[in-house]
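**Q** If you read the sequences in order, they're chains V and F. Counting from 1, one number per residue, gives the positions in the first sequence under our numbering. Counting from 1001, one number per residue, gives the positions in the second sequence under our numbering.
No wet-lab data here; the hints were simulated from the structure. This one's a predicted model, so the numbers in the text were calculated from it and none came from an experiment. Note that CB positions come from ideal geometry on N, CA and C, so glycine has one too. Errors might be hidden in some of the hints.
Claimed, not checked - Pair ranges (Cβ atoms, derived):
(1) V:Phe126 / F:Gly1156: 41 to 51 Å
(2) F:Thr1057 / V:Val96: 41 to 51 Å
(3) V:Ala187 / F:Thr1057: 22 to 32 Å
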Amino acid sequence: MSNPSIGGEATEEAIAILPGVHARSKDARRTGRSRRTPVWSIVVLLVAAVYFLLPLYATAVFGFSTGKHFTLQPLWDGLGDSGFQASLQLSLFYSVLTTIIALAVVAPTAYVVELRFPGLRSTIEFVSILPFVIPPIILVVGLSSMYGINSPVNLIASSWAPVLLIGGYFILTLPFVFRAIDNALRAVDVRTLSEASASLGAGPARTFLRVIVPSISLGLVSGALLAFTTAMGEFTLAALLGYPTFPVYLLNINGYLPRAGEALVLVSFFITWAGVIALAAVARRAPGTQVVRGGPM
Amino acid sequence: MRSQVTGTIAGTPTSARSRGGRAAFVLLPFAILVIAFLLVPTVSLIWGSVHDTKTGTLTLNNYSYLSHPLDLVPFRNSLELSLASTILGSLVGLLIAQAIVSSRRPLIQEIATTFSSVAANFAGVPLAFAFIATLGASGLLTRTLLGSGIDLYSGGFKLYSVLGLTVVYAYWEIPLMVLVMLPPLQAMQPSWREAAEILGASRWQYLRAVAIPVLMTPFISSMLLLYANAFGAYATAYALTTGFVSLVPIQISNLINGDVSYDPGLADALAIGLAVIMALCIGGRALLERRSTRWLSR
Chain V
1 MSNPSIGGEA TEEAIAILPG VHARSKDARR TGRSRRTPVW SIVVLLVAAV
51 YFLLPLYATA VFGFSTGKHF TLQPLWDGLG DSGFQASLQL SLFYSVLTTI
101 IALAVVAPTA YVVELRFPGL RSTIEFVSIL PFVIPPIILV VGLSSMYGIN
151 SPVNLIASSW APVLLIGGYF ILTLPFVFRA IDNALRAVDV RTLSEASASL
201 GAGPARTFLR VIVPSISLGL VSGALLAFTT AMGEFTLAAL LGYPTFPVYL
251 LNINGYLPRA GEALVLVSFF ITWAGVIALA AVARRAPGTQ VVRGGPM
Chain F
1001 MRSQVTGTIA GTPTSARSRG GRAAFVLLPF AILVIAFLLV PTVSLIWGSV
1051 HDTKTGTLTL NNYSYLSHPL DLVPFRNSLE LSLASTILGS LVGLLIAQAI
1101 VSSRRPLIQE IATTFSSVAA NFAGVPLAFA FIATLGASGL LTRTLLGSGI
1151 DLYSGGFKLY SVLGLTVVYA YWEIPLMVLV MLPPLQAMQP SWREAAEILG
1201 ASRWQYLRAV AIPVLMTPFI SSMLLLYANA FGAYATAYAL TTGFVSLVPI
1251 QISNLINGDV SYDPGLADAL AIGLAVIMAL CIGGRALLER RSTRWLSR
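One chain only, chain V, in its complex shape (with noise of 0.2 Å):
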């Protein structure tokens, strides 16, 4: 596995990559560098795992206590609590049609750009960085005085409630599922393959579904794993639009199970970090693959 190159397509934009870790000390070997660590970077890395861990520990001390004792009441007060599993489900669903959504539209999107029409090729990249500079605290004023309460278009108020969040979460996990994609359909030749499918007398559909998605399937398997966590972790188009999804109410029950709501914290990170661990195994079988949303949250 080879190092990603720093810029080109992979850093372009909010995006980091997973750096090649395997990048150990071939050099060092070859120049005959001594392969000892340096005593400065391990006070520094361990320096540094204090002040990223002790935040970790407050909580796990505030939130598995009663003051004094170890206990894990508050955990099973916040999980037993009728707020939590209605708000966490109501999560599930946004983020399980986002993802859904996201891969639905982009993929065929992007693969019939790259096929059919190229001259689209650097509108469509301009669509998707723009997220970027129309960050959630922007987009939500945009989509409240379009559809908010106070709007013609009430959309909140309606059966239609439900569109009104997945359409802003499409916008929001665009860049990321669009550049996963994109990706991995430039590592492949997708002209050449959608040619020989049709000679053997695939139609366009069949082909898509057939070669096309089982040849870039790390791509959407990264996709909807950056697109699923970004809208499980979504605090700031929920809260302003009036959805009580998950990060909302765990900002709620601080106000009343303040030690359950740090045990929920918890569970929070761990569900971060699985996440984070299923985009590096992604990205260790395709390099590139990005494991950090990096916008603004």
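Following the hints, complete the assembly by docking chain F onto the known chain V.
**A** The following block gives chain F in isolation, referenced to the frame of chain V:
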């Protein structure tokens, strides 16, 4: 593929033109979603910012905040907070990234990279609560320091102030810097250093003439990313302060949701101001990325 064969000549039901038409149909859902949830809201934002909320007449009054020093306080605070957390995050992040590269232990590199990814993604409400448990008025670290005679809060520190927010923002800014600077640092060739040494360059001369010029572009580009991230962040700041801190994103949310301060026109104008700052950062990054590809790709 793109030949202009008409149905009569090709004689097949699926002529090139009709296939092109069906291909365009595939783009429709994407176009509808982008128009409905990005384009239309953005246009409504721009339109709302130059119209009076009550009378609907064309006006630039919403932008009058630009000429009132008092109304610019949120912008000043946001600029300060973003600048402080960017400088803190980028310097410390660079140091940690170099420490990871210098450690020469694959295991350390793997753990540090994975943890950085987790920490860079750990933002918003959960991060705010983790810091309340740590550095809040009755947080673990606050109480421990108090026990050893250091009273943070009477010393002027508040978690929900701009200074406190800087410490919290650093929690994702530092690992983000680590992740974006690791690839360029790993791409630095040992042979460059050896060449410099053979030519008699001192450590400082190597840094000044080789390392710094090569790393400067990705470093500044990463700083712009950190700056934009801090400037646009809303969830963390809101969860820590419940809206009682004067930052641009908080101000915007109060204007569209508050009962007393409801003023969508001003919210639109502030959002445009924020978008201009984001566009400068993202545009600056795009320009720098074009320059950085020369030495660091291998």
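**Q** Please flag the earlier hints that this structure goes against, numbers listed from lowest up.
**A** 3
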